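Engineer: Based on these hints, arrange chain B with the ligands on the given structure of chain A.
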Amino acid sequence: MLGLPEKIRIEIDYEKCGEKGKIDPRECCRCLRVCDPAVFIMHETVGLEQDPIDPQYWRITPVWNSLCTKCMKCVEVCPEGAIRVW
Amino acid sequence: MVCNWCTKHGAGKKWYMNAKNYSNELADELRAKEYLTEQWTNFEQVYIRKIMGISSIDLGYKLKLPIIGRVLRWQAERMIHSESKNRNPRRADGHFGQVVPLEEAKVILGNLAAEPIIENYCMCRWMQRGIKERCCINFGVLSTVIERLPRFIPENNTARISREEAMERIEEHNRRGYVASVWFQPVPYINAICSCENPECGGLRLRRDFGLHTVYKSEYVMSVDADKCQACGMCVHRCQFGAIRLVPSLGRAIVDPKVCWGCGVCRHSCTHDALGLMPREDVPIARGRY
Ligand code: SF4
Ligand code: SF4
Ligand code: SF4
Ligand code: SF4
Ligand code: SF4
Numbered sequence: 001m002l003g004l005p006e007k008i009r010i011e012i013d014y015e016k017c018g019e020k021g022k023i024d025p026r027e028c029c030r031c032l033r034v035c036d037p038a039v040f041i042m043h044e045t046v047g048l049e050q051d052p053i054d055p056q057y058w059r060i061t062p063v064w065n066s067l068c069t070k071c072m073k074c075v076e077v078c079p080e081g082a083i084r085v086w
Numbered sequence: 001m002v003c004n005w006c007t008k009h010g011a012g013k014k015w016y017m018n019a020k021n022y023s024n025e026l027a028d029e030l031r032a033k034e035y036l037t038e039q040w041t042n043f044e045q046v047y048i049r050k051i052m053g054i055s056s057i058d059l060g061y062k063l064k065l066p067i068i069g070r071v072l073r074w075q076a077e078r079m080i081h082s083e084s085k086n087r088n089p090r091r092a093d094g095h096f097g098q099v100v101p102l103e104e105a106k107v108i109l110g111n112l113a114a115e116p117i118i119e120n121y122c123m124c125r126w127m128q129r130g131i132k133e134r135c136c137i138n139f140g141v142l143s144t145v146i147e148r149l150p151r152f153i154p155e156n157n158t159a160r161i162s163r164e165e166a167m168e169r170i171e172e173h174n175r176r177g178y179v180a181s182v183w184f185q186p187v188p189y190i191n192a193i194c195s196c197e198n199p200e201c202g203g204l205r206l207r208r209d210f211g212l213h214t215v216y217k218s219e220y221v222m223s224v225d226a227d228k229c230q231a232c233g234m235c236v237h238r239c240q241f242g243a244i245r246l247v248p249s250l251g252r253a254i255v256d257p258k259v260c261w262g263c264g265v266c267r268h269s270c271t272h273d274a275l276g277l278m279p280r281e282d283v284p285i286a287r288g289r290y
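Respectively, the protein sequence lines represent chains A and B.
Mind the numbering: the first sequence is residues 1 to 86 in the working numbering, read in order.
Mind the numbering: the second sequence is residues 1 to 290 in the working numbering, read in order.
Every clue listed holds true.
In silico contact screen, one side only, chain B against chain A (beta carbon under 7 Å); selected entries: (1) 61; (2) 64; (3) 127; (4) 129.
By construction, these hints were calculated from the structure, which means they are not laboratory data.
Treat the numbers as computed from the prediction; the structure is a model and nothing was measured.
C-beta: ideal position from N, C-alpha, C; glycine also.
If we strip away everything but chain A, and leave its shape as in the complex, we get:
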């Protein structure tokens, strides 16, 4: 669209990684580490009932999308195929 910057889309399937998935991101972290510009953030899942002092449910969220180089390394490294970049 005219005048709008390019948008890079990155999506995590939380059915695969996160509080509902089979992987706890804290145990994996592969996407966090393979990404040169550090696009992803790991954080406790918001909106769930959990201990704020020692939260047990975690997620990955792509935050710095504009810095993504579309190298696709995260997609390749994810053992669950949970990441999509387009």
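Structural biologist: Leaving out everything else, chain B with the ligands in the frame of chain A:
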């Protein structure tokens, strides 16, 4: 005179050299304990949560939007530097820092920092890379807040360190190539010396990639002694900011003072005593560019 924050909170010195900014009285007055408990319990959510309807998710895109981008930038700068009474800890209002060279970080830890002093896991490396590295030195009220949060504290709570240990640790981190920085949270209360790296550090990220003033450059810039430099190039590997490089035709290293953060870290790799910091204010092109 140095930056605006020194004028406001430095009592004639640099802001981080003013003992008052470290005091428990100031912490009480600012109700820092409540602010910090709220901020730190929710630390990893700071970019995820919506603030006035907008989160930091894809901030780069949002900042480039016509009109909205400019409003967003203005709002973000206001939050970062907020001194208002009803600051919101969940969005880290009034939380910003400045890079300091090792000598000054040691003066802070040796003389100014309020006890207890702890060294905990860096939360930026944790949330950005899932790496637990003990390199964040916190003090005063903030220590007692972080000690309650298991994810930032080594097992068996061995986080507390003495002043002397703190000075040794900051030196180790600095020699490793990490950049020392001192933090207001919330301004003007000071309670942390970090050892940051690019691009993991959230403060450096927001400043370098998005131009927000979450962290200021130091009061210095690096200078190369042309007679002493042997063009070994060791300093070049150390710089996290790409500010120093070898110029083959000259046979020596040069610094770009517009790019240099004055962290002093490159000095650790020079065995020819060719690198020294100069006050930023003495270098016309770097003056005022904090
Ligand atoms: S595509 Fe590459 S740059 Fe983009 S998020 Fe994945 S690893 Fe990072
Ligand atoms: S690589 Fe895949 S499974 Fe591993 S933390 Fe990232 S999204 Fe989850
Ligand atoms: S500011 Fe620096 S040391 Fe502190 S938590 Fe962030 S990266 Fe780690
Ligand atoms: S050149 Fe400047 S920014 Fe780079 S390491 Fe040296 S002092 Fe730090
Ligand atoms: S480390 Fe020292 S001697 Fe070597 S290139 Fe840098 S300034 Fe010159």
